[in-house]
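Asks: All chains should be built: construct the whole structure from the sequences, respecting the hints.
Here is what each chain is made of, one letter per residue.
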Amino acid sequence: MSEEKARKVGEVICEQLVDAGKKDSDIVVLTSDSRGSGSLVPFAKELPKQIVEVGIAEQDLVTISAGLAHSGKRPFAVSPAAFLTMRSIEQVKVDVSYSNTNVKLLGISGGNSYSVLGSTHHSLQDLAITRAIPNLEVYMPCDQYQTIGLFKYLVKSDKPAYIRIGKKALNNCYDNPEEAFVKPGKANVLRNGKDIALVAMGETVPEALKAADLLEKQGIKATVVDLVSLKPLDTELLSKISNEFSDIYTIEEHSIYNGIGSAVAEVVATSGSAKLHILGFPDAPAIAGTQDEVFSYYGLDGAGIAKNVEKSIS
Amino acid sequence: MDVEQLEKKAIEMRKATWEMIYRAKTGHTGSDLSCTDILVALYYKVLNQTPETFKNEDRDRYIQSKGHAVEILLNILADRGYFPKEDLLTYSQFKSPYIGHPNNHIKGIEMNTGSLGHGLALSVGIAKAAKMDDKDYHTYVLMGDGEQAEGSVWEAAMAAGSFKLDNLTAIIDHNGLQITGKTRDVMNSEPLKAKYEAFGWNVVEIDGNDMSQLVDAFDLKPIQNKPTLILADTVKGCGVSFAENKAEWHRKVPTEEQYKEALDVFDKELEERK
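Chains as they are written, first to last, in full-length UniProt numbering: chain A, 1 to 314; chain B, 1 to 274.
The hints are simulated quantities; they were obtained by calculation from the structure and are not laboratory data. Don't be surprised by glycine CBs; every beta carbon is placed ideally from N, CA and C. You may find that some hints are simply not true.
[Claimed, not checked] Chain B residues, not near chain A, derived (Cβ > 10 angstroms throughout):
1. 8
2. 54
3. 79
4. 90
5. 100
6. 155
7. 158
8. 164
9. 203
10. 244
11. 246
12. 258
13. 269
[Stated by the list, open to error] Cross-link-like lysine to any residue pairs, in silico, SDA-like; alpha carbons within 25 angstroms at most:
14. 55/B x 98/A
15. 49/A x 158/B
16. 45/B x 103/B
Replies: Set out below in structure tokens:
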């Protein structure tokens, strides 16, 4: 793992978009009064003609992006994930997915990252709805290298996609972009262990790695899988591990319903024999607290995951 | 085409649409007949677009936000040669691409529509792209007046005014009726002229079933920095006397008797214009 210090994914994305936008004037960014929280002020300064501000109007953000894409632009529509995937979801379904426009939907401050701002600002159901929409790739990068690799792909790709990112600076899980993001639908095995498998994505990947360290001290060897993309899903790898392990744990910053656990369950139930343990947010508004406090409360931090594993296999 | 030829074309297209709906036993009859003249003016006079140039970057764009009036659009596209007329015999049948709302797998259809309140924002995006790229094409979008109750319409109206999109013309098929009854009673969106003007638009009011007024309105030079709204007063069901101004004809299929009665009228009108 690289020693380079933790970085905010939003800032890394901005660098990637500035770089791509300088080479390709069709790369445009649309914001809904969200350029600050989206870390996109440098993009607006460097490429003022390639940013479109639509105001606090998330439905329009998506549909205007679709119109721009239809005319040859490569828009990145940026808005808090909570609004982008709920307020605008019909626009995503119709104008992006159904009309097949090359719009990249960047959901910022996703999951629980707005923490004490409350449920209005949490996106804990976004994976459920976006993964059910046809013709939409779904990503959640877990560190700066995966973000770089993913965006090098996205700025060239002609397919619609939803990308959810959080707010906090992330430690590195990888050493370079090439190993962090191989291609859509390709999950990465970050650690090999023979006893159990942990499957994570986005900000729960570092927690799964921490859990694997803690478990190792207890003599439990864990395999850690970073899904990288929820859609397309690496069903080949999941099918393989669902036959290799008797217990698989999914860890997600999302409702326990219809997210990563459900996606993995669909594979395990049809092609494997493992018992699946779904760790995520309960079917209720999230408790108030910092993101770390909340992760700990719901057992989604390294210690909580390890404890759950120990308890369930003992 | 001159106005007389356009008027005759409108009768032909009403007749073809009437036949298609009767044959398929489905269609938004009243809505199709309401906006027929607007679409004829656009496709035979205004749009710089042909089947051959449909993929050209410089073509004018037409977005039908009131997607349910698809039968008239399909008949016009077939008549203009975007696809063979016989294709429409499959309308609403198993596996047909010719379904009850615009489908962008069909040549001539820019974007999928049908869920109301999307077309104006799509058109804002398309017109904005033209501004960003210094292109001269013009974007036209047709909305219904019942559709004006959708909040997303007003997000887009605000954006079009703010972006100063003088390369965008919206037309409202202002027939005053929607499926439940009078638009004023269902949800009063009036006064539309004052509202759009307040959002930074230039508004032109016309009789939207009068071909010469339509042609004149589309001929007007846009006012610099302002999007244009043609508020076209129309009659739902226009051209079929017993269906005119009746909300129940929003999506009604004619009986055999009604079918023949209207067909006779269309044929007589076409005979007179020979």
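Asks: Report holds if the minimum CB distance from residue 246/B to chain A is greater than 10 angstroms, and violated otherwise.
Replies: 30 angstroms, holds
Asks: Decide, holds or violated, for the assertion that all CB atoms of chain A are farther than 10 angstroms from the CB of residue 203/B.
Replies: Non-interface label on residue 203/B holds, nearest chain A Cβ at 21 angstroms vs cutoff 10 angstroms.
Asks: Check whether the Cα positions of residue 49/A and residue 158/B lie no farther apart than 25 angstroms.
Replies: Roughly 20 angstroms between the alpha carbons, so the hint for residue 49/A and residue 158/B holds.
Asks: Regarding the assertion that residue 8/B does not contact chain A, is the least Cβ-Cβ distance greater than 10 angstroms?
Replies: Residue 8/B is indeed farther than 10 angstroms from all Cβ atoms of chain A, at 34 angstroms.
Asks: Does residue 55/B pair with residue 98/A here, judged by a C-alpha cut-off of 25 angstroms?
Replies: 19 angstroms, holds
Asks: Does the claim that residue 164/B lies outside the interface with chain A hold up, using a Cβ gap greater than 10 angstroms?
Replies: Holds, since 13 angstroms exceeds 10 angstroms.
Asks: Verify that the Cβ of residue 100/B lies farther than 10 angstroms from every Cβ atom of chain A, and report whether the claim holds or is violated.
Replies: At roughly 14 angstroms from the nearest Cβ of chain A, residue 100/B sits farther out than 10 angstroms, so the non-interface label holds.
Asks: Taking C-beta pairs only, is residue 79/B more than 10 angstroms away from all of chain A?
Replies: Consistent with the label, residue 79/B stays out of reach of chain A, its closest Cβ about 25 angstroms off (over 10 angstroms).
Asks: Residue 258/B clear of chain A by more than 10 angstroms, beta carbon to beta carbon?
Replies: Residue 258/B is indeed farther than 10 angstroms from all Cβ atoms of chain A, at 34 angstroms.
Asks: Hey, does residue 244/B actually stay past 10 angstroms from chain A on C-beta?
Replies: 32 angstroms, holds
Asks: Take a quick look at residue 269/B and tell me if its Cβ sits farther than 10 angstroms from every Cβ on chain A, holds or violated.
Replies: About 38 angstroms separates residue 269/B from the closest Cβ of chain A, which puts it past 10 angstroms; holds.
Asks: Would residue 155/B pass as off the interface with chain A, using Cβ distances and a cut of 10 angstroms?
Replies: Violated, because the least Cβ-Cβ distance between residue 155/B and chain A comes to about 4 angstroms, which does not exceed 10 angstroms.
The structure is inconsistent with the numbered hints 6 and 7, although it conforms to all the rest.
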